Each structure stands twice: as structure tokens, then as C-alpha cells.
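Chains as they are written, first to last, in full-length UniProt numbering: chain A, 1 to 292; chain B, 1 to 292.
Everything labelled a hint here was simulated from the structure, so no lab data went into it. Note that the structure is a prediction, hence the values are computed from the model and not measured. One or more hints might be untrue.
[To be verified] Using C-beta positions, here's what the derived DEER-type ranges look like:
{"hint": "1", "chain 1": "B", "residue 1": "Ala5", "chain 2": "A", "residue 2": "Gly242", "range": "55 to 63 Å"}
{"hint": "2", "chain 1": "B", "residue 1": "His269", "chain 2": "A", "residue 2": "Ala194", "range": "46 to 54 Å"}
{"hint": "3", "chain 1": "A", "residue 1": "Asp86", "chain 2": "B", "residue 2": "Asp191", "range": "40 to 48 Å"}
Don't be surprised by glycine CBs; every beta carbon is placed ideally from N, CA and C.
There are 2 protein chains.
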Amino acid sequence: MDPRARIDLALEKALERTHALGSPPLLAKAMHHAVFPGGGRFRPRLTVGVAMACREDAPALTDAAACAIEMMHCASLVHDDLPCFDDADLRRGQPSVHKVYGEPLAVLSGDGLIVLSFQVLCDVASVTVPQRLAPLVRIVSDAVGVPNGITAGQAWESEPEIEINGYQAAKTGSLFAAATMAGAAAAGVEDVSAWWTPGARIGEAYQVADDLRDVAEDAETLGKPVGQDAANNRPNAVAQFGVEGAVRRLQSLVEEAAASVPDCAGAEHLRALIRQESKKFIPRRLAAFAAE
Amino acid sequence: MDPRARIDLALEKALERTHALGSPPLLAKAMHHAVFPGGGRFRPRLTVGVAMACREDAPALTDAAACAIEMMHCASLVHDDLPCFDDADLRRGQPSVHKVYGEPLAVLSGDGLIVLSFQVLCDVASVTVPQRLAPLVRIVSDAVGVPNGITAGQAWESEPEIEINGYQAAKTGSLFAAATMAGAAAAGVEDVSAWWTPGARIGEAYQVADDLRDVAEDAETLGKPVGQDAANNRPNAVAQFGVEGAVRRLQSLVEEAAASVPDCAGAEHLRALIRQESKKFIPRRLAAFAAE
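Pulled out of the complex, with its shape left as it was, chain A reads as follows (with noise of 0.2 Å):
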């Protein structure tokens, strides 16, 4: 099956706890309106890229694996979205979810979802291999908790002053070495550290992306930094190197990926999985600056 399908089969069948009897109706619309359509997918294809690397034997739990850190993405996008937040009014061309849902409806749906993860990872590891259960408990809740996972990230905006590597790292690189790390744990790896390597690089290429498309957004001054991160005053790798700079940076973080994936089954078709799934991460209009 295409990875895509598996994952949002997975998800849609993560979803189905939302319609069980007493459940209310709209919370479930508003967690499923969170989750679907997906945008790139790329933590959970991550998920089930190292697991089939690593030879998964559990292939459920991979699915749960996967689901899990796309939820906790899922569910840091809707909360980040909020009007104290962001204010975003569109996600992955849609209304986002508290314009459809209102605002305790996208708070609940957050909550909803962080806690569905932990009850789809419980669920699944209880039915196949219950003592993978504490590894991928523990990969998926510090990737999203304190001291350094998304939620201590997002916090890091409302400080008076930003430790800004500190902060891209929980914010954005944690859910990403997360997501390989899961993948392995699912798999069976026993000792999953090595793995955190190749999705910390992914998830700081992600970043560098993050800020070409910021810059990206208006072609008249592509180059300079005058997106969101400008007017947030935000550090931004465009203005640091600039386009072909940052797009270098990239290319060579996503290198740096792929060199440090473990000896495995199937390490070189994941290299290749990485170096293609990474060029998705180029926004198109400056896909020219990419080298080939």
C-alpha cells in the first residue's frame, strides 16, 4: 500500500474512538477536520520509513506509532493556530479549525488529540508487543512535553528573550527525531538513541525549508527576509545566508540525514527515501535554486 493511504487509513481508523457511543458529535468533527486532509505527512511517513527499514514485525504498531506523532503535530497546529496564538484563519487551504469550530472546540480538539495519541499507542501495544508500550510512550510524550518538546517550544514565544536554537529544536526538531526514534521502537530496536540523529537533521532541514517558504510567499522580494519571521523579528536562515545559501544549508542537513542512519535492513532504501521526500520540502518557486 502507498505510505500515504497506510497512514491516513490509520489515522481514520485512530479517529473512529471520536464516533463511539456518548461521544460528542461536534468534537469529533472538529478533531477530524484537524487531521484531514493532511499536509506533507512527512513525521508519519518517517514513522513507517525506519520501521520497514528496520524490518517491522509489528506492522500495527507502526501504524499506531505513526498516528501518535501525527496527532501531536496535528493537535500543536490547531493550539497554535488560536487566536492568542497565531490567529490563523486558514490551515493546509482550509478554515482553520477554531473558525469552523469556535475557539473551546479547537481547545478541546488539542487536548483530544494529545491524549488519543497515548490511547492509540496503549491500545495497539496491549494487542502485539505490550513492552514496546514504555519505549514509544516515552519517544512520543518528551518529544511533545517539557523540557525541551513542542509545547516548552511553543512556550520559548513567551519569553521575554528566546534561546533560539533551544527553541527550534523542541518547537520544530523534536517531533521529527521523534518520529524516527518511534519508528525503530515499534520495530523492535532496542536501544533507539542512534535514530535520533537522522530525524534531528530532517527536522532542522524542515526548519531551513520553514523559512524559504516564509520568504517565498511574495516573489517581488524573494531573498529578503520580509515575511512573518521579519515582521516577528524572528531569526531566519534566508536572511542568515540567503536563498541559494539557505537552500545549500538544506541540501546538505538532508546529507547529513542520511549519513547518520543506522546500519539496518534497509538503510540504503531509506537514504533514498529521505533525499526524495526532502525535496518536497522546497517550496516550487525556488525549486530552480535547488541543484540536482
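For this one, chain A is given, so just place chain B on it according to the hints.
Frame of chain A; chain B shown alone:
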């Protein structure tokens, strides 16, 4: 050690993670503010009480379970107090989290506490009795998530029509039932289903007490449903039964809770504890209505 002191010590220890290297300091303060000073700590006291009645053999795991239950409760209060829900300026006699730290950190401290609950369970189970992690994650996550946990309960308020029993059971009852089940699970009881009823009944009693507090806020109008529930057109046990009737209903639920305590080493002591703790539910100015 006094149970309250034991719980507060465990909570302080759980929150230590928020001070780790790289953690944003204001988020740490906001999370602490959400948890201290506590209210009655009824739920974690139940967890500890049940675990002791079941001859706890892993006190650190009891503490972790009690912390998880209480931190989930605190998270729900912080999110409930947000301007888009109850817009509450005060909580437990001090300004609410969003009043002191702003809405972004209030949203994030709720998220952080939800995740911290799982981090603490995972950390402690791993070094005590790993096979108890799965039941504890299941009990705690189901009590907070969909379809029947706090998040679902709160979401009923956004529906055009509230299914009132499901609403109260999810919003209040679920975490009390989880408190007793988690205490049993932490102490190694394999089938905790019989521990649902005592917690659920105490939760119902607490709900009636909440209704009593709602009307007792104004002595002039005692016995008339003129508080928040009336203003929000929410059903209220006092409106249904009057003050005396509601107090009788509360006491009868407490008796049902005590009677449903399953056989265990400390059953009698636990029954006494349930009766004693529940007396604190009744607002002082209504104490005269409570028959000894």
C-alpha cells in the same frame, strides 16, 4: 506521612522536569501555578487511599498515578478557566493561570500537564513495575480523552443539546472513577473493573456538592437555583431536590460508594476514609443540613 503532604511532595517532584536545562522558565512557573496551592486534592487522595487499601507494593508508582490524576484535573481547570470557556479570573483563591501568565502560557501549561502525566507514569513504571504501565496509561487517558473523558465532557457544552448524564459522567465522574482504578492498578490489582463504581459514585456525590456550592454562594438565595447553573441553564441537583434533598442524595451516593468498595486488605479503613473525605464536599454553610 500525611497523605496530603505525600501527594504535594510527589507533585513537586513531578514538576522538577519543568526546570530542566533548556526548559522555558515562565512555562515552568505557569505549570506550578496551575498545580499549587491545590484544592481538596480529593482525587489523588482517593488514589493513594485505594492503593494503601490494596497493600501497595510500589509506593512510587502510587505517587505517580496520584500525580497523573491530579495533573490531569489541574490541566482541565486551566483550560476551563480560559476566556473562551468560563473566563474565570480566580481559581483556588488566586488569579487563574491566564490572568497571571497570559492565554498562550495557559493553553501550553494545560498541554504540558497532560503530557507530563504520561511522562511521570512512564518514568516511574519503568523503574518499578513495568507491566503496570499499560493499565495506568489506559485508565488515565480514557478518563481524559474521547469518548467519555473530561475533554469529551467539556465538549458537550458546545453541542446544541446536552445529554446531561453523559456530560456530568464524562466531565466529573470519569476522573474520580479513574482515581480509584488507578490506585488499584498501581498496587498490582489485575482486574480493576470493580474499582470503577466507588470512584464513579464519589464523582456523582461531588457533582451534587458542586451544585450545592453553586447555590450556597449567596446565603440570601439559599435553596434557590440562582447561581452559575441557573444563569447557564444547566441542570442542578438543588433545583431538582431542594437543598435538604440534595444533601440527602449526596450522602446516599457516598454510602453507595463505600458499600461498593471491593474486598481488599484495607476495605474497612477505606470505607471510613470515603465517608470522612466526602464530608468536606458539603459547603460549610450547609453543614447543618447534613445529618451525622
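These are the hints, each one checked on the structure:
no. : hint                                 : in the structure
1   : Ala5(B) with Gly242(A): 55 to 63 Å   : 59 Å, holds
2   : His269(B) with Ala194(A): 46 to 54 Å : 51 Å, holds
3   : Asp86(A) with Asp191(B): 40 to 48 Å  : 47 Å, holds
Checked against the numbered hints listed earlier, the structure breaks none of them; every hint is satisfied.
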